[in-house]
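Visitor: So you can see what is in the structure, the chains are spelled out below.
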Amino acid sequence: TQLLEQSPQFLSIQEGENLTVYCNSSSVFSSLQWYRQEPGEGPVLLVTVVTGGEVKKLKRLTFQFGDARKDSSLHITAAQTGDTGLYLCAGAQKLVFGQGTRLTINP
Amino acid sequence: NAGVMQNPRHLVRRRGQEARLRCSPMKGHSHVYWYRQLPEEGLKFMVYLQKENIIDESGMPKERFSAEFPKEGPSILRIQQVVRGDSAAYFCASSSRVSSSSPLHFGNGTRLTVT
Numbered sequence: 001t002q003l004l005e006q007s008p009q010f011l012s013i014q015e016g017e018n019l020t021v022y023c024n025s026s027s028v029f030s031s032l033q034w035y036r037q038e039p040g041e042g043p044v045l046l047v048t049v050v051t052g053g054e055v056k057k058l059k060r061l062t063f064q065f066g067d068a069r070k071d072s073s074l075h076i077t078a079a080q081t082g083d084t085g086l087y088l089c090a091g092a093q094k095l096v097f098g099q100g101t102r103l104t105i106n107p
Numbered sequence: 001n002a003g004v005m006q007n008p009r010h011l012v013r014r015r016g017q018e019a020r021l022r023c024s025p026m027k028g029h030s031h032v033y034w035y036r037q038l039p040e041e042g043l044k045f046m047v048y049l050q051k052e053n054i055i056d057e058s059g060m061p062k063e064r065f066s067a068e069f070p071k072e073g074p075s076i077l078r079i080q081q082v083v084r085g086d087s088a089a090y091f092c093a094s095s096s097r098v099s100s101s102s103p104l105h106f107g108n109g110t111r112l113t114v115t
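Here the protein sequences line up with chains A and B, keeping their order. Once you know that position 35 of the first sequence is 35 in my numbering, the rest is easy, because the numbers rise by one and skip nothing. Once you know that position 2 of the second sequence is 2 in my numbering, the rest is easy, because the numbers rise by one and skip nothing.
Just chain A, same shape as in the assembly (with noise of 0.2 angstroms):
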């Protein structure tokens, strides 16, 4: 069975700072996605990391997937409010999910 893990699983910092959040399997991926889910809604697609070592950048959102293709990390420069969010990993075959960090951006 594939298994991600979310870390941290909380996360609450002041408008402005940095973050970083980390997902990390013992199986390798073939792909990993990153969402971002808000109260109320369905994930929505953030990324699709393919490539081992690979980075992407989304304005102020930077994704890596690591070079064995076993974990990745989302890193968040000068967040803001509206960055506040359920952040979701999920790897490919299955596209398992992990349990998420949750994100809440204080003013």
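Derived by calculation from the structure, the hints in this document are not laboratory data. Bear in mind that the values here come from a model prediction, so they are computed numbers and not experimental data. Some clues are possibly wrong.
[Claimed, not checked] Partial selection, computed: residues in chain B whose CB lies under 7 angstroms from chain A:
| # | residue |
| --- | --- |
| 1 | Glu18 |
| 2 | Gly42 |
| 3 | Leu43 |
| 4 | Phe91 |
| 5 | Ser101 |
| 6 | Pro103 |
| 7 | Phe106 |
| 8 | Gly107 |
| 9 | Asn108 |
| 10 | Gly109 |
[Said to hold, decoys possible] Computed footprint of chain B on chain A; a stretch qualifies when at least three of its residues, placed anywhere within it, have a C-beta under 8 angstroms from a C-beta of chain B:
| # | region |
| --- | --- |
| 11 | 24-34 |
| 12 | 45-55 |
| 13 | 95-107 |
Note that beta-carbon positions come from the ideal geometry of N, C-alpha and C, so glycine has one too.
Model the placement of chain B on the given structure of chain A, informed by the hints.
Guide: What follows is chain B alone, placed relative to chain A:
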């Protein structure tokens, strides 16, 4: 709205009743996934269907739960004889499944409450 449509948004059932959750995938998508989410938790895979076929139901309880995706019409997740522990948000997602990295497009979920 060409997105994934789930209905109802909220469903209240008494113990022992049946719950039917519907999901219309995005136009052109023939792959549907159902996930269950408890408060403060991530998404737990239940079942993956392609038109008229169940591809993977390894996450679905063997009893009381069933899913279908007919040739015509929405995908249905059916829960018979609901119990309090079935209370959760149920999300449907669809994809074109061109590859295993094809993104999933999620609906806004059905929140089932069993009283």
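Visitor: Of the numbered hints stated earlier in the document, which are not met by this structure?
Guide: 1
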